[in-house]
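2 protein chains.
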Amino acid sequence: MDPTRAFVKNVKRVVVKVGTAVVTRDDGRLAVGRLGAIFEQLEKLNSRGFDIILVTSGAVGAGRQRLKYRKMINSSFADLQKPQVELDGKACAAVGQNGLMALYDTLFSQLDVTSSQLLVTDNDFKNADFRVQLCQTVDSLLDLRSIPIFNENDAISTRRAPYEDSSGIFWDNDSLAALLATELKADLLVLLSDVDGLYSGPPSDPRSKLIHTYIKQKHQKAISFGDKSRMGRGGMDAKVKAASKAAYSGTPVVIASGYAANNIIKVLNGERVGTLFHKDAHMWIPVTEIGPHEMAGSAREASRRLQALTTAERKKILVDVAAALEANEQFIMLENDADVEAAREAGYDEALIRALAESVRKLAEMEEPIGHVLKRTELAEGLVLEKKTCPLGVLLIVFESRPDALVQIASLAIRSGNGLLLKGGKEAKRSNAILHKVITSALPESVGTKLIGLLTSREEIPELLKLDDVIDLVIPRGSNKLVSQIKSSTKIPVLGHSDGICHVYVDKAANLEMAKKIVLDAKTDYPAACNAMETLLVHKDLSTSGGLQELVKELEQEGVTLFAGPRVNSVVNFSKANTFHHEYNSKACTIEIVNDVDEAIDHIHSYGSSHTECIVTDDHNVAEHFLSRVDSAAVFHNASTRFCDGARFGLGAEVGISTSKIHARGPVGVEGLLTTRWVLRGKGQVVEGDKGVVYTHKDLLNGVHLPNGVDLTNGV
Amino acid sequence: MDPTRAFVKNVKRVVVKVGTAVVTRDDGRLAVGRLGAIFEQLEKLNSRGFDIILVTSGAVGAGRQRLKYRKMINSSFADLQKPQVELDGKACAAVGQNGLMALYDTLFSQLDVTSSQLLVTDNDFKNADFRVQLCQTVDSLLDLRSIPIFNENDAISTRRAPYEDSSGIFWDNDSLAALLATELKADLLVLLSDVDGLYSGPPSDPRSKLIHTYIKQKHQKAISFGDKSRMGRGGMDAKVKAASKAAYSGTPVVIASGYAANNIIKVLNGERVGTLFHKDAHMWIPVTEIGPHEMAGSAREASRRLQALTTAERKKILVDVAAALEANEQFIMLENDADVEAAREAGYDEALIRALAESVRKLAEMEEPIGHVLKRTELAEGLVLEKKTCPLGVLLIVFESRPDALVQIASLAIRSGNGLLLKGGKEAKRSNAILHKVITSALPESVGTKLIGLLTSREEIPELLKLDDVIDLVIPRGSNKLVSQIKSSTKIPVLGHSDGICHVYVDKAANLEMAKKIVLDAKTDYPAACNAMETLLVHKDLSTSGGLQELVKELEQEGVTLFAGPRVNSVVNFSKANTFHHEYNSKACTIEIVNDVDEAIDHIHSYGSSHTECIVTDDHNVAEHFLSRVDSAAVFHNASTRFCDGARFGLGAEVGISTSKIHARGPVGVEGLLTTRWVLRGKGQVVEGDKGVVYTHKDLLNGVHLPNGVDLTNGV
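If you read the sequences in order, they're chains A and B.
Those letters in the first sequence? Residues 1 to 716, per full-length UniProt numbering, in order.
Those letters in the second sequence? Residues 1 to 716, per full-length UniProt numbering, in order.
Just so you know, the hints here were simulated from the structure itself, not pulled from any lab data.
The beta-carbon is built from N, C-alpha and C at its ideal position, and this holds for glycine as well.
Where hints are given, some of them may not hold.
To be verified - Going by beta-carbon spacing under 7 angstroms, a handful of chain A positions derived as facing chain B: (1) E40; (2) D521; (3) F636.
Unchecked claim - Dumping the calculated DMTMM-like pairs for lysine to aspartate or glutamate here, alpha-carbon to alpha-carbon at most 20 angstroms: (4) K587/A <-> E688/B; (5) K683/A <-> E301/B; (6) K487/A <-> D469/B; (7) K491/A <-> D468/B; (8) K698/A <-> E367/B; (9) K491/A <-> D499/B.
Model the full structure from these sequences, guided by the hints.
Below you can see the structure in the form of structure tokens.
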């Protein structure tokens, strides 16, 4: 639940208003599909015990459509050729109201809901007795679980300028809904519109952002509402005016789309849907909600300041972070204890915190990753191009693992000059908060603490995933499910692995003792790791020589459960594997026989996840064949798959292991957090249809990559 | 329009069947929202002149729900405590049919559609007179634009096992729909279900693929249908049986989801929605449709064979491609002429084809890009890790530009060992087809022609964009709109630029003559290019020194239209720029005054698109400050933005320019089509809780990158 929407827990009575743009289709007919979907939600909420009050527009439009149609049918051809007179609005309202209510009643009847009709005018509300009686009537209806449906009695209303005059007690159905919400003491008013809520600019402009919480002081002047809604009188201006009125009278209001399925239910579940108006919003917003967009923007600005520092200055920050961790170890342990108590997990101790601080210091000692010259080319005389490493910008890391991940990631971000947004698991909420505080307190003023933002609510993630203009890379560290969910809900590039279905192929020319050692290590060193073996492929000759049986015995002795492919089962009888495409993540694996190395390669390509594969053989040619053909992030000869790891590969701290082929593949270290910039220095050269210069394209580096500051130009 | 769906152009009479899972909600109530949405589509089609016949299920379920509710209301507390007797199916049907039709009539009435009810039994169809009369009745109703609604008359049907017996003339509402489609000579039958169509396996399994066209010979045995539909009698088995029957009797059938909005209309627009059954499908499928998934899979397999070739073999292919282009130049020009005539564009001549062939030969001469060793580390004694370049796998290129792009891209793919799927614009359809044929004819048998697939229908793109398991990178070459559309509709990484809002900042310390030359070149050398200048920023001192006026004069003399920011307008009076975030793509630009280099940088960060920015200044410190701070793909000092280009950068053929920071940034050459693999060679080492080996992490390359085959290990 979004923290700004926590109040919905206490909501019982809800006023829902459907405007003309929701009720009516483009062609003027009633939008029966949309109405049905909305009524299904109201029925569900009604049966869950909510008091539902519906305010509807749309009668005039529906009536006009109906009357036009009848008039056409009853017309002679000659009639139709005469100029058509505009139909009377009140007549339309009278006809439309009837049809509207007939449809509403039928729909609600199908859902076993009794609805009731209340037509009111501005005038009625001038009478105090009426107001009292109205409350009683509505209370009675709600006690009977009936849904009262309100509409302005347009057919008999005597307001002079019914569509424009906003001086009355109410002046359209938005303000009627606001008035009713207050009068009937509703806990929430939902105004359904044809857009997702209130935007910072015209909804059609891609740079307009949806405003989640309206703050009068902040938004009243800053917003340009754009045109009125597609039809009906209720433009966004009118909605904001009505919503503000109700909110300041004590009934929170959400403006949301009536087109999106289940929006009313989402609002009542506290999801961050639409725009919220709440009288206290100005008080809690600055504390609990810096908009995700602002947070990301601040991180980007801070990262630019961080990049501008010298190598020594950036190094010092990490040394300070390490010192801060040690200085605050008591606080960290205290907060961690509170988490641990709740989660019943192993916690922090002084040794772990010191080890963490030590790893941060090691990172500080690492060679500067920013500013490496990867390429230096003379394009033409006096025109020299460089390709240099530089930070990506802003990273969003969503991690489910223990909070030492936070320290590791934050230090990597600082080392690589990136801004960072972090979202940890709720089981480590307090530990994450204190670690974040300790680390950001060590950041110099010249960079600012906003370099690293800590997100506290799960609800903010979908928002952040939309910010492909400010966030450059998302790194989910956690389950496959998490990775795949994030991948399918963002345009921002995602660095992460999907599955880890790793294979070991034991060739006929394998040293069997070596094979046993590798297979055992690959499966049992840490069975839940993504680089653990999931499938063992064995050359067919080993099934007759007894080698297969020995491997099986070895695994079984270590308590590994074996599942067999069809060919193995004719030799040794195990439970049948359901599929070769399975990650056990436990002391279990699939085992199958293959004819030769090519069949092993085909098997890996068909069922693997392109993570890590190993061949065990003493035949050099077979090994090289395997190494050159297998299309996975890591391919090993005579070594355990468990070596596939950033630390073991010597990359320093590890960002994660990527099974994607783009940007970074396999274990990813600091390099994965960098991109490159092309820097061109000239003396006024121009292209001029490629006649401006004589291209030389001279490689000034000869393949040597230079660390920051080193210049070999003269020596080459 | 999908070529397999072209027959819809001749469809006039459509039978639409809605099953229980579509009509009813989980709780047994009628799904009024879904029904409304479906009926709105039927109304639209009816008013467009289609003959619509509806077959509905759901009466029994709806009746059961209604009767249960009534029974509960009428029960005493004691009654409710007794064991509840199952309600009689026929009674439920009788009650339900009534409610169903009342709702349908109300919904259709709102849409000004007259509906009619036809209840039939299996028995009725045994009578030939009945069949004739039924046709006449339906014809009369359709003439009156009424929508006939069919249902089995369950309440009076005497079939013994009405829900299981499939021996009759029809045995459920799916087979009733199929029977009616044939009897009433419908041109199309649409069976709406709760899943998207027929899948190759259980729809819940993520590896199941939607089958777009059902081929009896191919799919009948291969498909496992999984469980029956959520409710109702009509499982997928029954639907396939009914659909096959109707299709072979001459009425094409589409099984599609009734949950997705507008699916019926999409089917009738010829979109590739759901699963098509057509009696001729087995004949045209092999020619016009190798499924996109198969196409991508074949390209991947061929690319693996291509990788396995030696450098010399791969080089030879390109030489052969060049020769084939020249040998076929007459054919190419002929086909190109036909396109050109249609498109009235400039066409090919011998010189252009020879230049193309020459560029392919140049690419053949290029240094082998595959197998470069980027890193070589000794992890432990006898355990050596390499990071080597390798092809990405399969690329999908969507290009709107002229067909020379096809040759360029195909050669790049061959050079980099990648498989390729190509989709060109329809204005160059014939040229693309002949070029594709010529190029693939030069591929050796050991690789296969399927390395490069040419897509002919726009409809296939959405399908391909779903194949994130087979396609590794999408490169859209065309308008910003194309790039952005593709980005938002795929999980596959996309390489492309969004906007090209490039800036030139003329500093106070600029050489004014140089500034004029650069500004002019940056704007006018090729105004439509993405590396053309869109905004000119000028230091404030130049507005008083007259420098600004000189720059303005220079641009105006060349016919550039200037739009002014607020500060410029107080000095020189132009049309006001609406926004600084605008790509003119023409001889026009925005011009604004800034206080100093930092304000210029801020302006670029606020309004730029991180493409290419240039500073013109003679002040070395200011230039370096700009070069190090501006966060764009390319930053230039005293050189035209137009240099930002793969060829000018010396990268050989250009894949495109990327404004993304991930994988490749700025002009992208062959490198952007490569990824890396980690290759580890050991002697049986295992991890064993990191006690298995002593890590040395020795860099064996010292930053030198080795081309394929070169080994410096001994020398280091």
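Hints versus structure:
no.: 1; hint: E40; result: 5 angstroms, holds
no.: 2; hint: D521; result: 4 angstroms, holds
no.: 3; hint: F636; result: 4 angstroms, holds
no.: 4; hint: K587/A <-> E688/B; result: 15 angstroms, holds
no.: 5; hint: K683/A <-> E301/B; result: 49 angstroms, violated
no.: 6; hint: K487/A <-> D469/B; result: 13 angstroms, holds
no.: 7; hint: K491/A <-> D468/B; result: 14 angstroms, holds
no.: 8; hint: K698/A <-> E367/B; result: 15 angstroms, holds
no.: 9; hint: K491/A <-> D499/B; result: 16 angstroms, holds
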